[in-house]
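2 protein chains.
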Amino acid sequence: MKIGIIGLGLMGGSLGIALKSCDSARQIIGFDHNAGHCTQALELELVEQIAQSLDEIKSCDVIFLSIPVGGIIAVMQDMKDIPPNCTIIDMGSTKEKIVSSIPQEIRKNFVASHPMTGTEKFGPTAAIKDLYEDQVVVLCNLEESGSHQQKTASTLYREIGMNLVFMGAKEHDRHAAFISHMPHALSYALANTVMMQEDPKSITALAGGGFRDMSRIAKSSPHMWEDIFRQNKRNLLEALNHFNTELKRCQEMVEHEEWDELNQWMQDANKLHDIL
Amino acid sequence: MKIGIIGLGLMGGSLGIALKSCDSARQIIGFDHNAGHCTQALELELVEQIAQSLDEIKSCDVIFLSIPVGGIIAVMQDMKDIPPNCTIIDMGSTKEKIVSSIPQEIRKNFVASHPMTGTEKFGPTAAIKDLYEDQVVVLCNLEESGSHQQKTASTLYREIGMNLVFMGAKEHDRHAAFISHMPHALSYALANTVMMQEDPKSITALAGGGFRDMSRIAKSSPHMWEDIFRQNKRNLLEALNHFNTELKRCQEMVEHEEWDELNQWMQDANKLHDIL
Numbered sequence: 455m456k457i458g459i460i461g462l463g464l465m466g467g468s469l470g471i472a473l474k475s476c477d478s479a480r481q482i483i484g485f486d487h488n489a490g491h492c493t494q495a496l497e498l499e500l501v502e503q504i505a506q507s508l509d510e511i512k513s514c515d516v517i518f519l520s521i522p523v524g525g526i527i528a529v530m531q532d533m534k535d536i537p538p539n540c541t542i543i544d545m546g547s548t549k550e551k552i553v554s555s556i557p558q559e560i561r562k563n564f565v566a567s568h569p570m571t572g573t574e575k576f577g578p579t580a581a582i583k584d585l586y587e588d589q590v591v592v593l594c595n596l597e598e599s600g601s602h603q604q605k606t607a608s609t610l611y612r613e614i615g616m617n618l619v620f621m622g623a624k625e626h627d628r629h630a631a632f633i634s635h636m637p638h639a640l641s642y643a644l645a646n647t648v649m650m651q652e653d654p655k656s657i658t659a660l661a662g663g664g665f666r667d668m669s670r671i672a673k674s675s676p677h678m679w680e681d682i683f684r685q686n687k688r689n690l691l692e693a694l695n696h697f698n699t700e701l702k703r704c705q706e707m708v709e710h711e712e713w714d715e716l717n718q719w720m721q722d723a724n725k726l727h728d729i730l
Numbered sequence: 455m456k457i458g459i460i461g462l463g464l465m466g467g468s469l470g471i472a473l474k475s476c477d478s479a480r481q482i483i484g485f486d487h488n489a490g491h492c493t494q495a496l497e498l499e500l501v502e503q504i505a506q507s508l509d510e511i512k513s514c515d516v517i518f519l520s521i522p523v524g525g526i527i528a529v530m531q532d533m534k535d536i537p538p539n540c541t542i543i544d545m546g547s548t549k550e551k552i553v554s555s556i557p558q559e560i561r562k563n564f565v566a567s568h569p570m571t572g573t574e575k576f577g578p579t580a581a582i583k584d585l586y587e588d589q590v591v592v593l594c595n596l597e598e599s600g601s602h603q604q605k606t607a608s609t610l611y612r613e614i615g616m617n618l619v620f621m622g623a624k625e626h627d628r629h630a631a632f633i634s635h636m637p638h639a640l641s642y643a644l645a646n647t648v649m650m651q652e653d654p655k656s657i658t659a660l661a662g663g664g665f666r667d668m669s670r671i672a673k674s675s676p677h678m679w680e681d682i683f684r685q686n687k688r689n690l691l692e693a694l695n696h697f698n699t700e701l702k703r704c705q706e707m708v709e710h711e712e713w714d715e716l717n718q719w720m721q722d723a724n725k726l727h728d729i730l
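Those protein sequences? They're chains A and B, same order as listed.
Quick note: the first sequence uses this note's numbering, first residue 455, plus one each step.
Quick note: the second sequence uses this note's numbering, first residue 455, plus one each step.
Treat the hints as calculated values from the structure; they're not laboratory data.
Careful: at least some of the hints might be erroneous.
You can't tell identical chains apart in this list, so a pair holds if it fits in one copy or across any two.
[Claimed, not checked] Dumping the calculated BS3-like pairs for lysine-lysine here, alpha-carbon to alpha-carbon at most 27 Å:
1. Lys456 x Lys624
2. Lys655 x Lys687
3. Lys605 x Lys624
4. Lys575 x Lys534
5. Lys702 x Lys687
6. Lys456 x Lys655
Quick caveat, the model's predicted, so the values are computed rather than measured.
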């Protein structure tokens, strides 16, 4: 298969590396509207060649879209003339708005996916070999994709070592809001709070593993996350409301010195142990 | 030197291991009111022997207190009859209430410290060899300790590989509230929110590195953290108020679709990159 990757950042670049050792991938072509990214991707050997236009990418058997969610929606409008057997797989972090925006005439060509992996780094230099290995990819509304496309996407994701999970787009977006998008909002807020109140010297001196872990994803790409917050606005706000209720409970227990209740609340949180 | 360690959990146990390879430590004795912990500590060779009473520990040249903050305050009341050259070093996560509670007659024997390290695990089985290596220890109000005690504490902490930072207890507690205690409250609240709203299967399937990192410290000991929240109540509540303001800004920007401002806010958070 000739595979095209649109977007050569952390996700697309790491995908290029992962696909290299797959039996199904005969040729890997990249495309990115950032010329600097294209040069870096070639230098780092993330892809074998760079397409000069979107039309060139359309000749691929499979096209991965590893660009921000808004870009996925936009680029799909220009894909109406792809060949019938072409498979387009998006890797966006929200799914409902994307799925509902796909032009009807190429809906069967499209597979909605969300690989649940990443790091806080971005751009082609952030690409790493094992980003996808042994991680989960969620495939959404798969019954709306053609059977050839279903098979192609499943095969490729399995070949790069991913575990497949199937879910409706609506359900995915609610889960993702709680388990991924809200934690990003908290991390950004934590980083800004601490930088506003603390001098850099104290932060460096005193930051233990807890703060480092909690603030790591505050280094994530604003370009990407602005877009995710926009696409999943309602679910994100709902998740944050639930979080606020929970944090307010904590503040009230501390304020009113309800230490036994606070201890129990912490014990409840400890139960995450049994899950993760 | 004969060294006593009161409290044989993660911190005390790891200290026992670290001290083993120090030139200054001739003998390492442990003490813990939990008999099971004593047995485990011996089996795991965290300490060489177990003291049968607090009085036995008092014959040590140096005594580390690696117990919850409330316990430190309580046990110091029973230490008034230690020999003049004895050094007692506490490792509690808050400092102001501890320092102000030390009996005046043994104030010079006491060194207030806070090693800025740890993991979410607890108990003797959580003890690890390199917990202290290359981490920061904050020494508070050191001028109130005797010169012999200042030197002893500094030497031992340097020998186990720690970097010394000096600070007033009041200042320490405010910094710690922002950089350590507030993040713990957020992590507990995040874990409880997600477990309340999501089923365990979805959490396991969808949790990426971000959620795993942000919820890790929600597995920390309620016994220890209830105590820290109690001792540092005012600073913690102040830090949480600042966090709430910041998170509310985020929610309002999302609600009112102020995407440029949101992007800028995320870029501000990204600046943590330059610090950590």
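Self-check item: Status of Lys687 relative to Lys702 across identical chains (alpha carbons, at most 27 Å)
Solution: Answer is both; intra-copy 22 Å and inter-copy 14 Å each pass.
Practice problem: At 27 Å max between alpha carbons, let me know whether Lys575 reaches Lys534 within a copy, between copies, both or neither. | Solution: neither (33 Å within a copy, 54 Å between copies)
Practice problem: Give the relationship of Lys655 and Lys687 under a CA distance limit of 27 Å: within one copy only, between copies only, both, or neither. | Solution: between (36 Å within a copy, 24 Å between copies)
Quiz item: When no copy is specified for Lys456 and Lys655, does a C-alpha distance of 27 Å or less occur within a copy, between copies, both, or neither?
Solution: Result: close neither inside a copy nor across copies, 51 Å intra and 36 Å inter.
Quiz prompt | Status of Lys624 relative to Lys605 across identical chains (alpha carbons, at most 27 Å) | solution = Within one copy only: 22 Å inside a chain, 62 Å across chains, cut-off 27 Å.
Quiz item: Using 27 Å as the alpha-carbon threshold, which applies to Lys456 and Lys624: within, between, both, or neither?
Solution: neither (32 Å within a copy, 64 Å between copies)
Hints 1, 4, 6, counting from the list given before, are not met by this structure.
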